[in-house]
Amino acid sequence: MVEKEKKEKPKIPRQKMPEQEAKVRAKNFNEVPLGYTPELAQLEASRCIQCKKPKCIEGCPVEIDIPAFIKRIQDGDFVGAARKLKERNSLPAVCGRVCPQEDQCEKVCIVGKKGEPVAVGRLERFAADWEKEKEEVFIPGKAPATGKKVAVVGSGPAGLTVAGDLVLKGHEVTIFEALHKTGGVLIYGIPEFRLPKDIVQAEVSYLERLGVKVECNCVVGRIETVDELLTEYDAIFLGLGAGLPQFLNVPGENFCGIYSANEYLTRSNLMKAYLFPRYDTPIARGKNVAIFGAGNVAMDSARTALRLGADTVRIIYRRSRDEMPARIEEIHHAEEEGVQFHLLTAPIRFLGDDNGWVTGVECLRMELGEPDESGRRRPVPIKGSEFQLECDLAVVAIGAGPNPLLPATTPGLELNKRGYIVADLETGKTNKPEVWAGGDIVTGSATVILAMGAGRKAANSIQEYLMSK
Amino acid sequence: MHKITYKREMAEKTVCHLKVDAPRIARKAKPGQFVVVKANETGERIPLTMGGTDPSAGTIDLIFQVVGKSTALLRTLNVGDAIQDIIGPLGKPTHVENIGTVVCVGGGTGVAVMYPITKAYKEAGNHVIAIIGARNKDLLILEEEMKAASHDLRVTTDDGSYGHHGFVTDVLKKILDEQNQVKLVVGIGPVPMMKFLCKLTKGYGVKTMVSLNPIMVDATGMCGACRVTVGGKTMFCCVDGPEFDGHEVDYDELVKRQRAYLTEEKASLDRFKEIGR
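Protein sequence lines correspond, in order, to chains A and B. Residue 41 in the numbering used here is what sits at position 41 of the first sequence, and the numbering runs on without skipping anything. Counting the second sequence from 1 gives a position; the numbering used here is that position plus 469.
Isolated chain A, as found in the complex (with noise of 0.2 Å):
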């Protein structure tokens, strides 16, 4: 009889979370999902079953105990929820929010088996900002000091978890980043819609409050040299990330209002211009954009255009909606704030004026022919069908490679045919003594989560060798 009560309990839906609608977010850079109340977050953690034999933690490349930390939001406990989010990832607002979680720890849920999985992210985002709003920020104690002294070259998301795991262990840890501020990728790349910026700010005063030295303004290979450094410090971890922005490499594409997707973003989210003239650095505001790619990079600029007033924005990409390598929700995202889809379309020349300014693009359209070495169905251009589209901005964000600054100073220091450092997967290790490496320096573009994974990997093994040094 008890058997049967429990089954007949009806089903707690996964709770969705409140967000701005379409059309006003669309015109403003406010965060788009507001996050969960108390309430709901209580209620979404109660579908969380408590597997004896959890499948998500193997799911999250940096090994949360996800049930735990969900019992804890379940108990009320919030942030109790966020001081174990903390014990396994140093950046839980920042994943919470960016994380494909649909391909990692939602994806194996087991809740997820028979409907839909648990919010796992929606609720990571939650415990994190609930630990920030009430100030209760934790700071852990740290090791003895070792006298032991490590350089982390960047504060994206892999040089910030290196840095937060070895303070922890009692080194010296100074970072070194090229821009005016930290941040990495966080910082220049996600638009505040998706990830305000004052998160990321606060997630790297938390590692200056455990002792991380940060030095801005520091191009390591201009001003210092990783063997110049190496003279100081006893082991260097290089996350540089992926910041070479790649071109079409199609004729017209310096005509003026053609950015790299790197430059659109960077000027919209470092340089603030779409305050613009509050922030000095101007941006170009197109009435119809065309943006080339379909990955995250190309939705944030095409949503990104969208605020910044264009009537039209175009997301052109070569192959079709299968192969769009953007998540689900990024793209629904753009979807529902009025960005058009032209699949199977591949752009072949710029059209300018006499001033130089962009004035359209002219296209291709592909069909899909048999796969190529990445599996996917390989766009094949359809003969004699050419036709010109009209924009006075356009974006291209068909993917970042390796920047050559700190390799090509760097003697001795193994790259790839691709010019990316070469690194043990497990470890990060690199061919050169004392230098780790991580993140998309070393995988080309992916996402933050895996990133900071391979800061965690990195550190262990920093930690490893700096302990029987």
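There could be a bad hint or two in this list.
List time: in silico SDA-like cross-link candidates among lysine to any residue, alpha-carbon distance up to 25 Å [unchecked claim]: (1) B:497 / A:227; (2) A:417 / B:561; (3) A:272 / B:511; (4) B:735 / B:704; (5) B:664 / A:253.
If you only want the chain B side, here are some residues facing chain A, beta carbon under 7 Å, derived [said to hold, decoys possible]: (6) 493; (7) 500; (8) 507; (9) 561; (10) 593; (11) 696; (12) 701; (13) 704; (14) 708; (15) 722; (16) 726; (17) 733.
Simulated from the structure, these hints should not be mistaken for lab results. Model, not experiment: these values are computed from the prediction. For glycine and all other residues, C-beta sits at the position ideal for the given N, C-alpha and C.
Fit chain B to the known structure of chain A by using the hints.
Below, chain B without anything else, positioned relative to chain A:
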């Protein structure tokens, strides 16, 4: 923060020279390299060339023409004030070696960029002829410095108020006609000057280097704002330059790209004149 330790205005206050505290940059910088300056929290990142460094004092020399809001704002700073962010040294240093006779040509504020390069060529053992020019006598900068940095200094003004009446290219042509041992011409100045200078030297078959100053944002090769076409290929001026083979540069594209934000720049400057920020 970088404290300003010295300030002077030149060329009828159209050019400003600041010495600022930046000991690490002063130690590392080589002729031809530049820095990115962001004056304050809301400021933009602008590339400025270094007119020199003083490693022992730990200062670098910023010499810039006041053209838009960012430079107008920098000019309002005084000794004791500070600049929030200075990033550098950036770009490839000038490739300096002893090759014989070198002619260094600087126009307008380009003379400031030319000065440390001229000095370096002289120190490397070259015979250095320098030509500097301005629209008129009052706009001419760094004459004394350039005199000391070269073996032979020629001065031109567009209106004839001082030195040779005419353009730097007139004097350069005369030199190239008179002697055939010139191995290298380095030209730095307004884009039209560099364009015509290169047209001239191409005819004489003399290798010519120019230093370009396109719009930049990060200046570490991350954004591609500074793309220039050199020899039909797209280059990033911030990391591949700023110096390029002058005979290969697409100057018309460069000028158009430099003018991409004219409307915004004017609005920004007007606002600054009106409300002071």
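Going down the list of hints, with the structure as the test:
{"no.": "1", "hint": "B:497 / A:227", "in the structure": "holds (15 Å)"}
{"no.": "2", "hint": "A:417 / B:561", "in the structure": "holds (24 Å)"}
{"no.": "3", "hint": "A:272 / B:511", "in the structure": "holds (8 Å)"}
{"no.": "4", "hint": "B:735 / B:704", "in the structure": "violated (28 Å)"}
{"no.": "5", "hint": "B:664 / A:253", "in the structure": "holds (22 Å)"}
{"no.": "6", "hint": "493", "in the structure": "holds (6 Å)"}
{"no.": "7", "hint": "500", "in the structure": "violated (15 Å)"}
{"no.": "8", "hint": "507", "in the structure": "holds (6 Å)"}
{"no.": "9", "hint": "561", "in the structure": "violated (10 Å)"}
{"no.": "10", "hint": "593", "in the structure": "violated (22 Å)"}
{"no.": "11", "hint": "696", "in the structure": "holds (6 Å)"}
{"no.": "12", "hint": "701", "in the structure": "violated (11 Å)"}
{"no.": "13", "hint": "704", "in the structure": "violated (11 Å)"}
{"no.": "14", "hint": "708", "in the structure": "holds (6 Å)"}
{"no.": "15", "hint": "722", "in the structure": "holds (6 Å)"}
{"no.": "16", "hint": "726", "in the structure": "holds (6 Å)"}
{"no.": "17", "hint": "733", "in the structure": "holds (4 Å)"}
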